[in-house]
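Student: Spelled out from the first residue to the last, the chains are:
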Amino acid sequence: NAGVTQTPKFQVLKTGQSMTLQCAQDMNHNSMYWYRQDPGMGLRLIYYSASEGTTDKGEVPNGYNVSRLNKREFSLRLESAAPSQTSVYFCASSEALPRGGYEQYFGPGTRLTVT
Amino acid sequence: KNQVEQSPQSLIILEGKNCTLQCNYTVSPFSNLRWYKQDTGRGPVSLTIMTFSENTKSNGRYTATLDADTKQSSLHITASQLSDSASYICVVTLYSSASKIIFGSGTRLSIRP
Chain Y
1 NAGVTQTPKF QVLKTGQSMT LQCAQDMNHN SMYWYRQDPG MGLRLIYYSA SEGTTDKGEV
61 PNGYNVSRLN KREFSLRLES AAPSQTSVYF CASSEALPRG GYEQYFGPGT RLTVT
Chain A
1 KNQVEQSPQS LIILEGKNCT LQCNYTVSPF SNLRWYKQDT GRGPVSLTIM TFSENTKSNG
61 RYTATLDADT KQSSLHITAS QLSDSASYIC VVTLYSSASK IIFGSGTRLS IRP
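Protein chains in written order, with the working numbering: chain Y, 1 to 115; chain A, 1 to 113.
Watch out, some of these pointers could steer you wrong.
[As the list claims (entries may be wrong)] Computed cross-link-like contacts, PhoX-like style, restricted to lysine-lysine with a CA-CA straight-line distance of at most 20 Å:
{"#": "1", "chain 1": "A", "residue 1": "100", "chain 2": "Y", "residue 2": "57"}
{"#": "2", "chain 1": "A", "residue 1": "71", "chain 2": "A", "residue 2": "1"}
{"#": "3", "chain 1": "A", "residue 1": "71", "chain 2": "A", "residue 2": "57"}
{"#": "4", "chain 1": "A", "residue 1": "100", "chain 2": "A", "residue 2": "71"}
{"#": "5", "chain 1": "Y", "residue 1": "71", "chain 2": "Y", "residue 2": "57"}
{"#": "6", "chain 1": "A", "residue 1": "1", "chain 2": "Y", "residue 2": "57"}
No lab work stands behind these hints: they were computed from the structure. From a predicted model like this one, the values you see are computed outputs, not experimental measurements.
Using the sequences and the accompanying hints, generate a full structural model.
Tutor: This is the structure in structure tokens:
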């Protein structure tokens, strides 16, 4: 049981290049998330997927697209990278708790630098 | 506006000492509050989770408290160890929402031998 896995771990892009960050979970969770974490700030939600085939914008979706390929996989795409997208990206999945609320599980993160 | 604020931003203590981290929130309607530990270069890992009806929850040397009236939470670490060096993040979830999750910016804790 690997939990939430992300690839790649590190990436350097030039401005204008594109790339896709991959995420997979093996816990059979319906909900999956993409966050970015910048120094001195809390994690901010980029996109959210409640189930296979559905996606919703989060707090900072501009410049990103997502695909919920199946229940396991949720990918994040940068079509034209900008220096402002330099950040650490985390994928997460969640399960509903019996007494209410949700428990989130995070991947190890992808450190992206855009020059 | 829904916000989660943590203090202090950073803290340095000696190994073996206790410490308390603070979290104030303005999130409403409130569902649950969690504390996460995030080691450098890794994703956050859940330490405790409390609903609005719970006022304390322990996980080993970590004890979280919640005062829903004043909208404050604290995380107390007892007998600190070098492995406790990490960022501690307070997270509040809006009621019945899997996506409305508000993260604090964290407290960076360093334990010195």
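Student: Mind listing which of the numbered hints don't hold for this structure, in increasing order?
Tutor: Checked against the structure, no hint fails, so every one of them is satisfied.
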